Amino acid sequence: DAKTTQPPSMDCAEGRAANLPCNHSTISGNEYVYWYRQIHSQGPQYIIHGLKNNETNEMASLIITEDRKSSTLILPHATLRDTAVYYCIVRDSGGSNYKLTFGKGTLLTVNP
Amino acid sequence: DAGVIQSPRHEVTEMGQEVTLRCKPISGHNSLFWYRQTMMRGLELLIYFNNNVPIDDSGMPEDRFSAKMPNASFSTLKIQPSEPRDSAVYFCASSFAGTENIQYFGAGTRLSVL
Numbered sequence: 001d002a003k004t005t006q007p008p009s010m011d012c013a014e015g016r017a018a019n020l021p022c023n024h025s026t027i028s029g030n031e032y033v034y035w036y037r038q039i040h041s042q043g044p045q046y047i048i049h050g051l052k053n054n055e056t057n058e059m060a061s062l063i064i065t066e067d068r069k070s071s072t073l074i075l076p077h078a079t080l081r082d083t084a085v086y087y088c089i090v091r092d093s094g095g096s097n098y099k100l101t102f103g104k105g106t107l108l109t110v111n112p
Numbered sequence: 001d002a003g004v005i006q007s008p009r010h011e012v013t014e015m016g017q018e019v020t021l022r023c024k025p026i027s028g029h030n031s032l033f034w035y036r037q038t039m040m041r042g043l044e045l046l047i048y049f050n051n052n053v054p055i056d057d058s059g060m061p062e063d064r065f066s067a068k069m070p071n072a073s074f075s076t077l078k079i080q081p082s083e084p085r086d087s088a089v090y091f092c093a094s095s096f097a098g099t100e101n102i103q104y105f106g107a108g109t110r111l112s113v114l
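Listed in order, the protein sequences are those of chains A and B. Residue numbers for the first sequence follow my numbering, so the first one is 1 and each next one is one higher. Residue numbers for the second sequence follow my numbering, so the first one is 1 and each next one is one higher.
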């Protein structure tokens with residue numbers, strides 16, 4: 001699997017957009033980028049995933065660069081409840097590729 | 001949907017005792033995963049079931065750990081005998097087959113072995 005690199009921590013003001021970067025320079029053509037987050041004392045939560053096009057859902061937007069070597073997760077209006085560790089994971093989609101490798105992620109702290 | 005339901009939420013036991021953790025996956029999901037999370041090792045996959053059949057148990061630490069899935073709506077993770085180093089948060093997750101990378105996690109069971 002392609003290795004991902006994320007900053008260990010970031011801060012964001014409540015109500016502002018939170019932009020979380022992820023580098024995955026060795027990503028292969030059939031690998032997707034997945035984002036999960038883990039709020040303190042809870043289980044990980046799936047957020048969004050994409051292959052090469054930008055994606056948006058009710059939780060966030062995912063921007064993938066044209067060369068696919070990096071991506072950014074955007075929380076458009078961060079709230080205090082978005083404080084969590086955010087994980088960027090690169091995997092083939094489905095099938096036998098079920099092992100999600102959660103690295104250290106980025107601790108996002110949303111400040112009032 | 002109630003999501004993945006795990007019980008108990010907290011378990012405190014003494015070394016040598018048997019511990020059983022329980023999981024009810026999301027209805028309709030046919031893949032189930034057990035994970036363990038510690039500060040030192042992060043989140044580790046212990047075992048993966050597909051259609052109630054264990055597919056990959058390579059992450060199970062040793063013979064003291066066993067997992068079963070007798071039907072599509074219930075799974076257990078058993079530790080016998082338990083040891084202090086088994087103290088961790090254990091998560092169960094489920095997904096649809098074919099989209100195993102989109103997993104829905106339960107709230108976890110925090111296990112403390114004294």
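To be clear, the hints were calculated from the coordinates, so they are not data collected in a lab. Treat the hints with caution; some may be incorrect.
[Said to hold, decoys possible] Listed next, with one range per pair, are the computed distances between beta-carbon atoms:
| # | chain 1 | residue 1 | chain 2 | residue 2 | range |
| --- | --- | --- | --- | --- | --- |
| 1 | A | T5 | B | M39 | 34 to 44 Å |
| 2 | B | E14 | A | I39 | 28 to 38 Å |
| 3 | A | R16 | B | S112 | 23 to 33 Å |
| 4 | B | M39 | A | T56 | 43 to 53 Å |
| 5 | A | G15 | B | S87 | 34 to 44 Å |
| 6 | B | P54 | A | N111 | 18 to 28 Å |
Keep in mind that this is a model prediction, so the values were computed, not measured. All C-beta atoms, glycine included, are put in the ideal place defined by N, C-alpha and C.
Is the gap between the beta carbons of P54 of chain B and N111 of chain A within 18 to 28 Å? 45 Å, violated
Given a hint of 34 to 44 Å, does the C-beta separation of G15 of chain A and S87 of chain B actually sit inside it? Since G15 of chain A and S87 of chain B have Cβ atoms about 39 Å apart, the given range 34 to 44 Å holds.
Honestly, do E14 of chain B and I39 of chain A meet the 28 to 38 Å range at C-beta? At roughly 31 Å between Cβ atoms, I39 of chain A and E14 of chain B fall inside 28 to 38 Å, so the hint holds.
Is 43 to 53 Å respected by the C-beta to C-beta distance linking M39 of chain B and T56 of chain A? 34 Å, violated
Can you tell me whether the CB distance of R16 of chain A to S112 of chain B sits inside 23 to 33 Å? 39 Å, violated
Starting from the hint 34 to 44 Å, judge whether the C-beta atoms of T5 of chain A and M39 of chain B obey it. Violated: the Cβ-Cβ distance is about 21 Å, outside 34 to 44 Å.
Consistency with the previously given hints fails for numbers 1, 3, 4 and 6, ordered from lowest to highest.
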